[in-house]
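Peer 1: Going line by line, the protein sequences match chains X and Y.
Start counting at 1 in the first sequence, then tack on 1423, and there's your number in the working numbering.
Start counting at 1 in the second sequence, then tack on 534, and there's your number in the working numbering.
Note that these hints are calculated values from the structure, not bench results.
From the three backbone atoms N, C-alpha and C, an ideal C-beta is built for every residue, glycine too.
Careful, some of the hints might be misleading.
Unchecked claim - Computed cross-link-like contacts, PhoX-like style, restricted to lysine-lysine with a CA-CA straight-line distance of at most 25 Å: (1) X:LYS1797 - X:LYS1942; (2) Y:LYS947 - X:LYS1585; (3) Y:LYS841 - X:LYS1585.
Stated by the list, open to error - What the simulated footprint calls covered on chain Y by chain X, stretch by stretch (three residues with Cβ under 8 Å from a Cβ of chain X suffice, anywhere in the stretch; the number is not a length): (4) 694-706; (5) 786-798; (6) 831-844; (7) 851-858; (8) 871-881; (9) 926-940.
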Amino acid sequence: MKEFLWLIPALPFAGFLALLLAGRSMPERLSALVGTGAVGLSAIAVLLIGIDFIGSPPPGGFHAQGLWSWVELGWFRADAALRLDALSLTMAAVVTFTAFLILVYSAEFMAGDEGYSRFFAYMDLFVAFMLVLVLADNFLFLYLGWEGVGLCSFLLIGFRYKESHTGYAARKAFIMTRAGDTAFLIGIILLAASFGTLDIQTVMEVGEGAASGQQGAIAALAALSILAGALGKSAQAPLQTWLPDAMAGPTPVSALIHAATMVAAGVYLIARTHALFELAPAVMALIAALGAATLLISGLSALVQSDIKRALAYSTMGQVGFMFLALGAGYWQAAIFHFMTHAFFKALLFLSAGAVITALGGEHDMKRMGGLRKRLPLAFWSFLIGAASLSALPLVTAGYYSKDLILKGALAGSGAFLWGAGITGAFVTALYAFRMVFLVFFGKAGADAARRTGMGIAAPLVLLSALALFSGFIGVPSFLGAVAPPPDTAAQVDTTLAGVLSALVPVLGAAAAYVVFFKRRAWVEGLPEKGFVAGLHAFLRSGWGFDRLYERLFVRPYLLAARAGREDFMDAPYAGAAKAAELLSRLLAKTQSGQVRRMRWMTIGALLALRARSYDAHGRSPSSGVAAWASARLGGPSRVVLPFWRSRSILRSSFPFWTEEIAAADGSLKPILNGCPA
Amino acid sequence: MPGIGVGIHLAVDGLGLALALLTAFLGMAAIAASWTGISERTGFFHLCLMSVIAGVMGAFLALDLLLFYVFWELMLVPMFLMIAVWGHGGRYRAALKFFIFTQAGSLLMLVSILGLYFVHGTETGIYTFDYMELLDTPMGRATEFWLMLGFLAAFAVKLPAVPFHTWLPEAHAEAPTGGSVILAGLLLKTGAYGMIRFLFPLFPNAAEAIAPAVYALAVIGIVYGAVLALGQTDLKRLIAYTSVSHMGFVLLGIFAWEGLALNGALVLMVCHGASTGALFIIAGAIEERAHTREMARMGGFWSSAPKMGGAALFFALASLGLPGLGNFLGEFLVLLGVFGVNPLLAASAALGLVASVIYSLWMVQKVFHGPALPGAAMPDIGGREAATLASMAALVLWLGLYPAPFLDRMGIKGHIGKTASGIETGSAKGTGANGLEAGRLAEHRPDMGDAPERQGGRKEK
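Construct all of the structure, not just a fragment, from the sequences and the given hints.
Peer 2: The following block contains the structure:
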């Protein structure tokens, strides 16, 4: 089976091509069938290959498949090659299964949309690029998937292209992630130039063999740039602000971006290159710190959002923050485990939120929802399960198992401070997750719910609910290897208390949410509309003012520079020269008056200037005296001013014929010249 | 003219072949693009078009300096006429500007060519314009430097390198579509070609001496062009500024004079020719239909012309360097090669990659997305346009995904440095990491000698 590895990304890509070429003339059902079927087949391929892989593990624990030689130039070589190992298999499985369920949901959800087949084409392409990213065995090939994912997020966020704000959000997502990607590309170039290869495994091995000195510094620098790329894709501070705006896309797109593709990319990349990061403890600490910071920033922001999808977006940032915390502590398996459970419950949350939004006719504002528990039971139960798993309620939800593992790891690997941030984040997470539940499904009935959900929407919700509850029992996929930090950083820390707390805190958070947002809701609603509290509210709601800061720091100066440069100031010298030449030619044109009388004097003047060099005021060659000195010193016409009345005699001595001719011309040529246009 | 050492000496190697093929390809594209757009004096237009193409083709093949100069000038006048006769509103000014800029550069080159001719003649007693003979002309450093400057002037204006680029936006904006395709796709490449073929081999030391200054210009050009592109309101001017930015990468790749960077520059030249040419075709198609180049008066074209929108998106993605498309590969190889010479330089050039996303996305969204403006409906591209654009897309895809056949046959051999850590894996034989020594330069020449050479009959001019 393993030789069919290439089919995994190829199938969704084929689906994309089919929809691209013939989608316009396909009926909706066929488009959906092609789009969903391609990803479904890919999921089956992953399953079969996975069974084969686990059943008969290949030597070395990986199976590599070269596709074609991409670039080969002198020492530099980059192949399009795939690599199947435990990590990429886990990722591929989660990506294809989640994406398949989301696509099944979309088949009904997007019905009647004018860009129906375009939607499925983009989604297939998205999955295909993600699979390339996950399976690539070479940094450059990985980068192909990496940028492709960015492109597809741009296409899908801006899917409803007629609305201008979606275009803005799409552009923002691509540009911000591209800023990180460029750093990543520089890192790739650095690795290629230093290690002579872009083969991921070789780089890891060479890196491990050269932990000290200059090569160690190179590894640290490369790790830093990879981190920059991961921060952009995974929406971590300081490159996180594109994610809340990415809500402009249709809901299934958000589900796909948040659960299975885009934001997972950064986590995967760091997990894939963890050997490189372990050479650079400072960068590891930075990862953990940024993850914790993002966790708190986004948690507090999620707490005050009123748009249901924006709140979910902030929660994604926070959960990926958890994953970064684990990565920074060296527990990359825990991060991948949390990625898996998060994929299920986040897809579930988005899809049930989508069901609510559709039922309410496009209402996003949770303040205007309420009491939907009875009218939308399916959406209620699935959202509740999703929220419980997000909060990591102990024992019954999948989220608990992965989060518990991360928190323990953070305590052991990164110390009490970051663990404290993590446990605070866990509390805030439970608080805002249940705030959403209470706002949307409990309390006074808000807007009217209309549409009933069909099978196409119900089935994925039920399946994802089951996964969000029970996938935690799988534990860390055993073939990923035991969850253990790199030996040198492992400190023996007693994690019993941490374990109790990580079970207790989510319950506390949910209880607090019950009190604050259900029982005593009037208290929250009675908060002052002005002053410090309101200011804080607005600050948190805007995502801690990052957007405004970036607007001031980057966007406006850039736009100003672009606008100021519209006329291209480098053109100014040329334009100036052209102007000057034009002016000069005008001036000279004035002298071309065609009047011989005037021209005569000019000619005489010119001749005098020429002759003045050789004659002094007495009509003799200057051989001594002031004039000679002056002409020798200045090298030009002497400054001797000829008395006008002497000019004629000088002229006559040098050009005996000249004055006579002019005199003749004065009379005879004038009429002719005057007749010509000047 | 054997008497003064002028021969019709044509030759082709990988570099020349790649560009000559590109010339033929884009020549056809330009004709296809002018199929309906040119209604006045059609015959004369195509006469001009053909002579430009002949000039470009000749310039890519000539190995006699005077012959090269003749071809170089042959491009100029018909191009001038194409802009001045079939151009748009400000065409006279644009054409004149184009002419003055490039002519000033070419005259300086002519002076240098003559200078080299006499230097060679006095040193060796053989007065010849033949490239192969002139290669190892012994000369003093100062002489070499000044002669090199003359060539550099012509090539830098043509490329165009900042700050000699200002003729380009105007010429592009006013030129007819076919003219823009030729201008962006081919004429700019002659400058880059000249640097690779003549500047470095003839004046290796001087070129190395001036490289730092050129690096600075190239990086400034990359960023400056990208920033200014965003500020443009005229679609064709926008695309023109993107050319300035991309040719900055080419310039950087050439002056790094390192195998990977050179090949990157070559790939980028070919792909830039195809992708920018295609963007100009699309801009021309929009202009033909909507009668405007002002982006403020565009928007929402996707609804009525999805195929054109898709094509514009594709080539915009090529232009922003999406992996899998040739432009990315070119830029990547340039950066990789430059990195070995100067890491900081590569890092600052990479800023252009971020900036290119900004203008490319802005362009596509402004023109094709957004609410449809009243009267924005327009017919989608027809079969002829679709075939032209599809073949250009295929070229970009091919070079992006499977460039091996191209690089094997037409890539620039030699000069490939080694990795910074000293892992010698390639064919490099030199000692320095940056491959700039004169000794290394000689490696390039056998490549030319081995290539099939055709010696044309010597004929009287």
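Peer 1: Decide, hint by hint, whether the structure agrees.
Peer 2: Hint check results:
Distance hint between X:LYS1797 and X:LYS1942 is fulfilled; the C-alpha atoms sit about 19 Å from each other, no more than 25 Å. For the hint pairing Y:LYS947 with X:LYS1585, the CA-to-CA distance comes to about 49 Å; that exceeds 25 Å, so the pair is violated. With a CA separation close to 16 Å, the supplied pair Y:LYS841 and X:LYS1585 stays within the 25 Å bound. Counting residues of the stretch 694-706 of chain Y whose beta carbon lies closer than 8 Å to any beta carbon of chain X gives 5, which meets the minimum of three for the stated coverage.
Counting residues of the stretch 786-798 of chain Y whose C-beta sits closer than 8 Å to any C-beta of chain X gives 3, which meets the bar of three, so the coverage hint holds. Residues of the stretch 831-844 of chain Y with a Cβ under 8 Å from some Cβ of chain X number 4, which satisfies the need for three, so the listed coverage holds. Counting residues of the stretch 851-858 of chain Y whose beta carbon lies closer than 8 Å to any beta carbon of chain X gives 4, which reaches the threshold of three, so the coverage claim holds. Look at the stretch 871-881 of chain Y against chain X: 5 of its residues bring a Cβ nearer than 8 Å to a Cβ of that chain, three or more, so the hint holds.
With 4 residues carrying a beta carbon less than 8 Å from a beta carbon of chain X, the stretch 926-940 of chain Y meets the three-residue requirement, and the given coverage holds.
Against the hints set out earlier in the document, a violation occurs for number 2 only.
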